[in-house]
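Start from the sequences, fold in the hints, and give me the full structure.
Here the protein sequences come in this chain order: G and Z.
So for the first sequence, the working numbering puts the first residue at 206; every next one is plus one.
So for the second sequence, the working numbering puts the first residue at 179; every next one is plus one.
What the hints contain is simulated information worked out from the structure, not anything from laboratory work.
One should not assume that every hint holds.
What the hints assert, rightly or not - Label pairs and their computed distance ranges (CB to CB):
(1) G/744 with Z/372: 38 to 44 Å
(2) G/326 with Z/457: 48 to 54 Å
(3) Z/327 with G/747: 46 to 52 Å
(4) G/327 with Z/300: 30 to 36 Å
(5) G/744 with Z/326: 35 to 41 Å
(6) G/640 with Z/266: 49 to 55 Å
Quantities reported herein were computed from a predicted structural model and do not represent experimental measurements.
We put the CB at the ideal spot given by N, CA and C, even for glycine.
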Amino acid sequence: MPADPAVSAPAPAGRSPSTVMARLTAKKAVRSGALWGCFFGICVASSALTYLSSYKTPAAREKLVASFGSNTALASLFGPAHQLQTVAGFTAYKVLGFLSIVGAVWGLLAGTRLLRGEEDAGRWELLLAGQTTRRRAAAQALAGLSAGVAALFAVTALVTVVTGRSSKVHFAVGEALFFALALVCSAAVFLAVGALASQLAATRRQAAAYAGYAFGACYALRMVADSGVGLDWLRWATPFGWVELLQPLTASDWLPLLPAAALVVALAGATVYLAGTRDLGASTFPDQSNAPLRPRLLNGALGLAARLMRPTVVAWGAALAATAFMFGFIAKPAGAALSGSNSINRVLSHLGAHGAGAKAYLGVAFLMMSIMLGFIGAGQVTATRAEEAEGRLDHLLVRPLSRRSWLGGRVLEATAVLVISGLGVGAFTWLGGASGHAGLPFSSVVEAGLNMVPPALFVLGVGALVIGVWPRATSIVIYGLIVWSILVTLVGGFSNNNHWLLDTSLFHQMAPAPASAPNWTAGGVMIAIGAAAAMVGGAAFRHRDLVGE
Amino acid sequence: MTDVVSAAERVKPQGGWTAIRTQGLSKRYGPVDALKNLDLEVSEGEVVGYLGPNGAGKTTTIRLLLGLARPTAGRAEIFGIDCQRQPVEAHRRVAYVPGEASLWPSLTGAETLHLLGRVHGRVDPVYRDELIERFDFDSSKKVRAYSKGNRQKLILIAGLMTRADLLLLDEPTVGLDPLMEQAFRHCIHEARERGQTVFLSSHILSEIEALCDRVGILREGALVEMGTMAELRHLSALTVEATFDGSVPDLTGVEGVSSIETVGRVVRCQVRGSVEPLLQALAVSGVHKLLSHEPSLEELFLAHYGQRAETEGATADAG
Ligand SMILES: Nc1ncnc2c1ncn2[C@@H]1O[C@H](COP(=O)(O)OP(=O)(O)O)[C@@H](O)[C@H]1O
Ligand SMILES: [Mg+2]
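In structure tokens, the structure reads:
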């Protein structure tokens, strides 16, 4: 009998099998990179245009410089400001710090998803089967990832150059390209970090966690370097510092690109090397594949969810607690630095914050932490949907467990996580404040912590709705809602005439406690809408097919 | 809802419960008719095979029975309980084993069994331990460290250990090695002896033949045959390929032999029923080599229900 044609046929449709890994990785990376490039471009363009419409006169611009130019409290949050009297300086200040973080998170998630995630899913096994070595495969996947960075850069650069052509904005083409390069620098570094972590860890989740620790450490170093305590040289020790030192659109210094490029090359080299030293599907670090029976939580769907979310919740909890403590600790000096400046108070009042000193500062800090809380809520939603999409939910629902109890249980559990997080943020801010002698009243910071919960609960409710009516769109709708809200809040905070736009942001609906009293009515309305959405979602979920990815 | 009846109130019909009953059960996925108008009845204590090639609609049927998917039309009952309206009630009496399972990678095998046992509510711990031994399963590893075969053992044990009244098995032996398949067959025989009802889907004829009292045959979403194994015996044919030393004999007219093809010194034919007459005919003609294999389900379907001409041509070429 002739050989089965299916066995000897080359991998996908007649193309060369030798680059199949690079092409498949590139396809996914480029799609994602181009999409985020659009987001980067929108941020750049909207910042430049906001500046032009909000700060028209030289006097207004000088005032902006006076208040933000040398403010260390704000620098530790958003990075240092240069030449705010120009649209270039303002745009760089406004988006560089923020997009570096977004880019780094994109990089570490994409790097771990496209390497470790694909390997976990068994796709590498199919592709590799006898075609190439593991090292070559890893090198090809890295080439695919760099195509993703190239796409991110290309789209960002295109929008930046086009924006720069506008006569009022006027960025030189070279400067605009350098700016785009600076914007994607952290993405490239953390893509490589994600690739290396994928070799070290045993699962995608674990790899993302390792990369996340590296991210946290680099970001913390950057905050210390920018806090004005004489440790400016620390900027040279972190990729986020390098991005700042590039000073795009203002000074355009090429030198910090060197360490960034060197690090990327070193990480890529280590990735390829380690890929050859381990088996497919195995990790470099020892993986505990045998474990003792720990059945304590595993008595039902609720316990299972608690067990599954425990590592994530612990990591987020630690990050939130540390951030809250730090904000509390520096609230007093930061608040003092703020109170001298009228423009800053004007910006804060656009964000809805009133008053002065530590409380005004914490109003902004809590806004940032409420974004983190929103992401925790979104993570709970997508984890819930993943149970269904990946088919694990089948095993529960073919047993005597109703869909209503399962989804309801997950939502209630996530609600508990969010409420406890809110209270925890309040408590740790107070603790930090007490250590820094900020004299914050316990009740007002804890109230401010609780005040952050309604937007996150709203996210949860909308998540349950989408899971019920349009399950395959869950991630995109939920993260779209949050990213939109962040964008609107950041842009809106600096301009005066966009109230209808600001109202579409979740975070704008929330009073900026503790800078002002919490608005429990608005919070109650958000929770009520969220609860109604969750009910509708639950009903729809009970009457539809379970659907995979 | 007024027609919700508790188990105690339901009256046991004469001749035992009907374990599965579907009426006009249909499912459409966009333009695809995955299941067309299925009327099926399985009595309590029966072991029924559900045979069909890939894509015939076996999984769709079982997911409808479990309430994981909603029918486009028709209804289904398990022990008289509506599968869509009272899934929790129905599931108390059912164990389901899919052919492919994604489980929680961070749990160990033992933890998974513990969890699924608790969610089900009723487990026979002695039998569970016996199954673990019988399938030679190491339950202390994390799920992500298991091979495909080991994951399959895990969900088999999780399903069987409940001793549920109805076992819904969807190609449960995919990925098991022959020794383990033997252990699986043993479990099904045990289940039959205990009076459990078994509904076993498969695309492998021999597996169904060895285990089932009755077989339903599904093709392109429609039930084309339903009967006892004896009634369907005509389906089971053997392909025989004989190579001769000398002259090639004429096998036409030998009892049970059909579809004879001769290429040089090689003869291929199909045998239905006993092979005795063919063996006698071959014995006198100096056979050098004899190969036989069971036809695949696809081959059988080609032989019995006819197919589009081009498919037939393609198969003939491949042979
Ligand atoms: N979720 C789904 N969406 C769209 N089509 C589906 C889905 N599930 C099954 N089908 C289609 O329904 C038909 C029957 O599939 P299935 O029941 O899985 O077959 P079997 O289990 O017999 O191999 C196939 O044509 C398949 O492509
Ligand atoms: Mg199937």
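Verification of the hints:
| no. | hint | in the structure |
| --- | --- | --- |
| 1 | G/744 with Z/372: 38 to 44 Å | holds (40 Å) |
| 2 | G/326 with Z/457: 48 to 54 Å | holds (50 Å) |
| 3 | Z/327 with G/747: 46 to 52 Å | violated (35 Å) |
| 4 | G/327 with Z/300: 30 to 36 Å | holds (34 Å) |
| 5 | G/744 with Z/326: 35 to 41 Å | holds (37 Å) |
| 6 | G/640 with Z/266: 49 to 55 Å | holds (52 Å) |
Violated hint: 3 only; the structure is consistent with all others.
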